[in-house]
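Chains as they are written, first to last, in the numbering used here: chain A, 1022 to 1323; chain B, 1022 to 1323.
Keep in mind that a hint or two might mislead.
[Stated by the list, open to error] Non-contacting residues of chain A with respect to chain B, defined by C-beta distances greater than 12 Å in every case (computed):
{"no.": "1", "residue": "Lys-1023"}
{"no.": "2", "residue": "Gly-1089"}
{"no.": "3", "residue": "Ile-1094"}
{"no.": "4", "residue": "Lys-1112"}
{"no.": "5", "residue": "Glu-1116"}
{"no.": "6", "residue": "Val-1307"}
[Claimed, not checked] Computed from the model, here is a short list of chain A residues facing chain B with C-beta under 10 Å:
{"no.": "7", "residue": "Thr-1033"}
{"no.": "8", "residue": "Arg-1035"}
{"no.": "9", "residue": "Ala-1036"}
{"no.": "10", "residue": "Gly-1059"}
{"no.": "11", "residue": "Glu-1063"}
{"no.": "12", "residue": "His-1083"}
{"no.": "13", "residue": "Val-1091"}
{"no.": "14", "residue": "Ser-1095"}
{"no.": "15", "residue": "Leu-1100"}
{"no.": "16", "residue": "Leu-1120"}
{"no.": "17", "residue": "Arg-1123"}
{"no.": "18", "residue": "Leu-1124"}
{"no.": "19", "residue": "Asp-1126"}
{"no.": "20", "residue": "Ser-1127"}
{"no.": "21", "residue": "Arg-1162"}
[Stated by the list, open to error] Below are the BS3-like pairs computed for lysine-lysine, each with C-alpha atoms no more than 27 Å apart in a straight line:
{"no.": "22", "chain 1": "B", "residue 1": "Lys-1068", "chain 2": "A", "residue 2": "Lys-1315"}
{"no.": "23", "chain 1": "A", "residue 1": "Lys-1115", "chain 2": "B", "residue 2": "Lys-1115"}
{"no.": "24", "chain 1": "A", "residue 1": "Lys-1115", "chain 2": "B", "residue 2": "Lys-1112"}
{"no.": "25", "chain 1": "B", "residue 1": "Lys-1266", "chain 2": "B", "residue 2": "Lys-1141"}
{"no.": "26", "chain 1": "B", "residue 1": "Lys-1141", "chain 2": "A", "residue 2": "Lys-1112"}
{"no.": "27", "chain 1": "A", "residue 1": "Lys-1198", "chain 2": "A", "residue 2": "Lys-1171"}
{"no.": "28", "chain 1": "A", "residue 1": "Lys-1112", "chain 2": "B", "residue 2": "Lys-1112"}
{"no.": "29", "chain 1": "B", "residue 1": "Lys-1315", "chain 2": "B", "residue 2": "Lys-1235"}
{"no.": "30", "chain 1": "A", "residue 1": "Lys-1068", "chain 2": "B", "residue 2": "Lys-1315"}
Don't read these hints as lab results, they were simulated from the structure. Ideal placement from N, C-alpha and C gives every residue a C-beta, glycine not left out.
There are 2 protein chains.
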Amino acid sequence: MKLTILGCYSATPRALNNTTAQVLEMNNHMFLIDCGEGTQVELRRHKIKFNRIKHIFISHLHGDHFFGLVGLISTFRLLTREADLHIYGPKGIKEVVTLQMRLADSWTNYNLYFHELTSKESELIFEDDKVQVYTIPLEHRVYANGYLFKEKPGDRKLDVKAAKSANINKAYFKKLKQGFDVENEDGEIIPNTSVTLDPKKPKSYAFCSDTVYKETIVPIIEGVDVLYHESTFLDKHEHLAEKTKHSTATQAAKIAKSAHVGTLLLGHYSTRYDSIDLFKKEAETVFKSVKLSKDGRVFNFS
Amino acid sequence: MKLTILGCYSATPRALNNTTAQVLEMNNHMFLIDCGEGTQVELRRHKIKFNRIKHIFISHLHGDHFFGLVGLISTFRLLTREADLHIYGPKGIKEVVTLQMRLADSWTNYNLYFHELTSKESELIFEDDKVQVYTIPLEHRVYANGYLFKEKPGDRKLDVKAAKSANINKAYFKKLKQGFDVENEDGEIIPNTSVTLDPKKPKSYAFCSDTVYKETIVPIIEGVDVLYHESTFLDKHEHLAEKTKHSTATQAAKIAKSAHVGTLLLGHYSTRYDSIDLFKKEAETVFKSVKLSKDGRVFNFS
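Looking at chain A on its own, in the form it has when it is part of the complex (with noise of 0.2 Å):
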């Protein structure tokens, strides 16, 4: 599991900010996460194959989260893109980019699938056989959901040489690595563990931006390997962050330490501080294992 942080800023795009986007690698999917103005160009200079991307899960519809989509859908089709493309996103989403689409008379070439959500339940809202991505009901000024995308648990590890130990015949190798008792040669029950090895332990991540302190998402999170949770103030500002439906660090560090999360990585940042590291420091009063997001930064949590 690769995150890739694009932009992790709040408000508005400058030099050396960007807003909100990421890249999370998982599973040989490439899912983008946000789409603030300038993604593209993002994209590209962390050479991110554009035909990797085939699913785009938009937060909330507030420019510095998806200012950047109708841009890159448009550059899709410049490039004779084929793939499919699937935008995950509040209602209204499909009426922003076709109504551009259509006044620059420019139609997609390749397949372009809105599933717009409206929804304030947590619902399963992709899946294959490897992955399965949830929505996260947040609240912010507008409809909001965070994103909780959970690896399924492989197969099996086989143990070839304990197999073949065991006398088990190569036909019943496939039964095994789903997890069944086989039969061996001689009409033995094998149990699979003894001939088995646990999976690798399946990752998830959590995306949670924007929102105000919400413990209701607790539950869906719980137990995540990393959840990225916005902060977009300090404590001293907190009367800021109720009335914007934002939340501190702290704030943000008391969902990581209810839910049970491995890392809490913080974003979303006001630009009116002077340096991110407080919001790191505010957090780790609450909870221990904070990472800090920050434009470029590419985490392997593997």
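Place chain B on chain A using the hints.
Here is chain B on its own, set in the frame of chain A:
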């Protein structure tokens, strides 16, 4: 008259190639012409005060000319702008912007006026005591206009010494500046030109992008000091220019020559070529005063 090129490449923004946006400073106005994605960041980079921009002219609704507009409007709001903002552009531009504001539930705290264009004839769309702006109907894949910015002739310069020697009462100085002959204290008519000097020659700038080679614009831009004319392609790709309704550098030069302009400024280059110097070389075979626009380049046409 000062022109700052924020971006001058076609199609899609890249790390080193911004799409179209430029700022024309004319008689205390800061006119923003086109607004590709990322324009707000380029404005910051050039330390152009956001509040000084009161008029934005959008040529057409292709993304590389206007995907930065809604972000800019939105940033103006976050910065608690108070100055009025006027947007000129093709019909549809208001719907795009207001839809996105509605979905984000964020309205401007300043007055935002849309001036939607539909005419296929040149129109006067802005005028004050010093400047006029006209549309230049272009021909592209979608409805498009260039813009002609013209300083009005200023007042004549008073030769105070000569006026006093001619025994003219100060009360008449204003009339002299306006070009009238006046009567002196001795009852004689004093010809205006004997006590005044010609005003500075008014400047003019024509922006023409995107367009196929179109001779009907020549009378509109006749004699302008500076003509920015798109040159997406080189001669060898003239067939592509025709097909995509763009121009070659040579075609831009032909227009410049026919219209007797002072300087031809090329731009809207395709990124397929090794060097933009090739555009200049080709244009110079037809017209001698050619300059290349380049991202970040500032031209003082005084």
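A quick look at each hint next to the structure:
no. : hint                    : verdict
1   : Lys-1023                : holds, 21 Å
2   : Gly-1089                : violated, 7 Å
3   : Ile-1094                : violated, 9 Å
4   : Lys-1112                : violated, 9 Å
5   : Glu-1116                : violated, 7 Å
6   : Val-1307                : holds, 30 Å
7   : Thr-1033                : holds, 4 Å
8   : Arg-1035                : holds, 6 Å
9   : Ala-1036                : holds, 5 Å
10  : Gly-1059                : holds, 5 Å
11  : Glu-1063                : holds, 9 Å
12  : His-1083                : holds, 5 Å
13  : Val-1091                : holds, 6 Å
14  : Ser-1095                : holds, 4 Å
15  : Leu-1100                : holds, 8 Å
16  : Leu-1120                : holds, 6 Å
17  : Arg-1123                : holds, 8 Å
18  : Leu-1124                : holds, 4 Å
19  : Asp-1126                : holds, 5 Å
20  : Ser-1127                : holds, 7 Å
21  : Arg-1162                : holds, 6 Å
22  : B/Lys-1068 x A/Lys-1315 : holds, 24 Å
23  : A/Lys-1115 x B/Lys-1115 : holds, 18 Å
24  : A/Lys-1115 x B/Lys-1112 : holds, 20 Å
25  : B/Lys-1266 x B/Lys-1141 : holds, 17 Å
26  : B/Lys-1141 x A/Lys-1112 : violated, 36 Å
27  : A/Lys-1198 x A/Lys-1171 : holds, 21 Å
28  : A/Lys-1112 x B/Lys-1112 : holds, 25 Å
29  : B/Lys-1315 x B/Lys-1235 : holds, 24 Å
30  : A/Lys-1068 x B/Lys-1315 : holds, 24 Å
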